[in-house]
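Visitor: Those protein sequence lines, which keep their order, are chains S and Z. The numbers in the first sequence follow full-length UniProt numbering, run straight up by one, and end at 238. The numbers in the second sequence follow full-length UniProt numbering, run straight up by one, and end at 238.
Please note: incorrect hints may appear among the correct ones.
No copy labels: a pair is met if it fits in one copy or bridges any two.
Subject to a maximum C-alpha distance of 25 Å in a straight line, what follows is the list of computed BS3-like cross-link-like pairs (lysine-lysine) [said to hold, decoys possible]:
hint, residue 1, residue 2
1, Lys97, Lys3
2, Lys65, Lys212
3, Lys192, Lys228
4, Lys192, Lys97
5, Lys212, Lys12
6, Lys111, Lys228
Source of the hints: derived by calculation from the structure; they are not laboratory data.
Protein chains: 2
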Amino acid sequence: MTKYESIAAVIKQRIQDNVYQTGTLLPNQSDLASEFGVSRMTINKAINILTMEGFVSSQRGFGTKILNHPLWNKDVSPVNEYRGLSFQMAEQHRQIKSQIISFEVAFPEKKIQERLMLTPQQPVYQIVRLRIVDDDPFILEHTIMPVDLIPNLTDDILKESIYHYIQFDLGLQIAGAYRNIQATRADEFDIKYLQCQPTDPVLEVEQVAYLKNGRPFEYSHSRNRFDKRGYTELDMRN
Amino acid sequence: MTKYESIAAVIKQRIQDNVYQTGTLLPNQSDLASEFGVSRMTINKAINILTMEGFVSSQRGFGTKILNHPLWNKDVSPVNEYRGLSFQMAEQHRQIKSQIISFEVAFPEKKIQERLMLTPQQPVYQIVRLRIVDDDPFILEHTIMPVDLIPNLTDDILKESIYHYIQFDLGLQIAGAYRNIQATRADEFDIKYLQCQPTDPVLEVEQVAYLKNGRPFEYSHSRNRFDKRGYTELDMRN
DNA sequence: AAGTGGTCTAGACCACCGG
DNA sequence: CGGTGGTCTAGACCACTTA
């Protein structure tokens with residue numbers, strides 16, 4: 001935990017406790033620097049975090065205003081992105097179960113080779129999981145990962161959290177992801193496992209996720225029941 | 001244009017010109033600082049930009065690797081977000097036309113009052129536009145904006161770019177937006193204007209956009225033909 | 001052990017906003 | 001005009017990777 005992260009956390013807490021009130025201005029950066037006993041650049045970095053998370057908005061020559069937007073909830077925050085669905089659901093006190101539909105190893109097709117930067121001889125895991133939240137089918141996930149990068153996957157890991165395994169057990173650092181979100185028609189799999197009607201729309205999130213070392217480690221299609229889940233994001237800049 | 005933005009642009013150009021080659025490491029930050037005659041913190045900020053845009057990825061103790069991911073194209077870059085659809089399409093040399101379906105003023109309903117933080121007596125514009133790209137119906141946009149914040153809207157502005165008007169003519173600064181993306185069924189409007197079939201899915205992007213001063217200035221629903229357009233994003237962190 | 005990027009300092013200058 | 005946040009410097013220390 002760096003200084004600017006700690007300070008951001010403290011200020012955030014003050015906003016939530018109404019020590020700093022919505023619609024008013026934060027103390028200026030110099031005063032905050034004095035209070036926390038750090039340089040102003042460190043305060044600036046802390047405020048940048050709060051900006052990205054939508055808590056405040058700064059204007060040069062004016063100050064930093066405290067925002068309050070009722071429709072933002074925790075799972076919107078970009079912070080929670082890479083802890084995986086398991087973590088998100090736990091935080092909302094919702095029960096998640098993962099049913100393994102299939103779990104195989106194969107050589108990658110051409111399209112997968114391109115997306116995951118693989119040769120035809122590098123095997124991949126092909127995983128299909130049904131994520132069930134509070135006993136309702138929620139998301140059907142088709143996931144492909146290179147075996148050499150994510151070795152020793154087991155049923156137990158798949159039933160828990162792959163993301164936890166990658167970051168904590170393998171110690172790999174996630175850089176981010178490319179996503180494409182589409183509306184499509186339900187296919188046979190969706191009808192069978194998500195219990196969709198044949199005429200139902202499906203929200204499909206196609207994702208390629210990357211490690212810090214530049215290698216893509218996941219290519220996935222998440223198919224979401226249209227009446228159960230949307231994709232939500234908060235996109236704030238300086 | 002700040003120093004770190006200029007430097008980021010130069011390095012980006014070198015990557016695109018293969019002066020710095022994909023898969024190799026960037027010169028270290030101290031060397032770059034010497035070369036550009038700036039302090040290392042400035043180089044660090046420049047590299048942060050390139051990281052967010054997906055060009056490089058840094059690892060402490062190792063270096064900054066140059067990435068190249070074939071599926072990323074310009075309209076994925078977060079930079080182009082707030083120049084509006086008109087600008088994006090122009091960059092891709094695609095022709096965009098906007099047909100005004102309706103353009104009215106009214107008092108806001110309860111839900112709109114909440115989203116846009118308005119009293120019942122503050123009037124709003126209610127705009128419905130059909131965006132036509134290369135002569136095909138593309139997106140049906142339902143937009144609501146407070147009259148006091150975005151005054152003097154005209155048909156001419158609506159046919160061009162509202163975002164250009166807000167930023168350049170009114171001089172307002174955009175902070176960001178909250179979005180929720182869903183798959184839904186086509187409704188009567190979609191069938192009539194997007195020329196959907198009644199059984200077609202529709203990709204709906206609900207958005208509340210905010211100014212730096214904290215006020216929401218736009219509540220919109222963009223309804224996209226499912227076979228014409230997806231929502232794409234690149235989400236990279238440090 | 002040598003080299004890397006991440007953080008942090010204590011200043012400074014400047015662009016911008018408000019009255 | 002005074003006060004604000006954005007940028008920038010020339011150092012420094014530290015965490016981390018690779019060998």
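Visitor: For each hint, tell me whether it holds in the structure or not.
Guide: Comparing the hints with the structure gives:
no.: 1; hint: Lys97 / Lys3; result: neither (37 Å within a copy, 50 Å between copies)
no.: 2; hint: Lys65 / Lys212; result: between (34 Å within a copy, 9 Å between copies)
no.: 3; hint: Lys192 / Lys228; result: within (16 Å within a copy, 27 Å between copies)
no.: 4; hint: Lys192 / Lys97; result: within (17 Å within a copy, 42 Å between copies)
no.: 5; hint: Lys212 / Lys12; result: between (28 Å within a copy, 18 Å between copies)
no.: 6; hint: Lys111 / Lys228; result: between (30 Å within a copy, 21 Å between copies)
Taken one by one, the earlier hints fail for this structure only at number 1.
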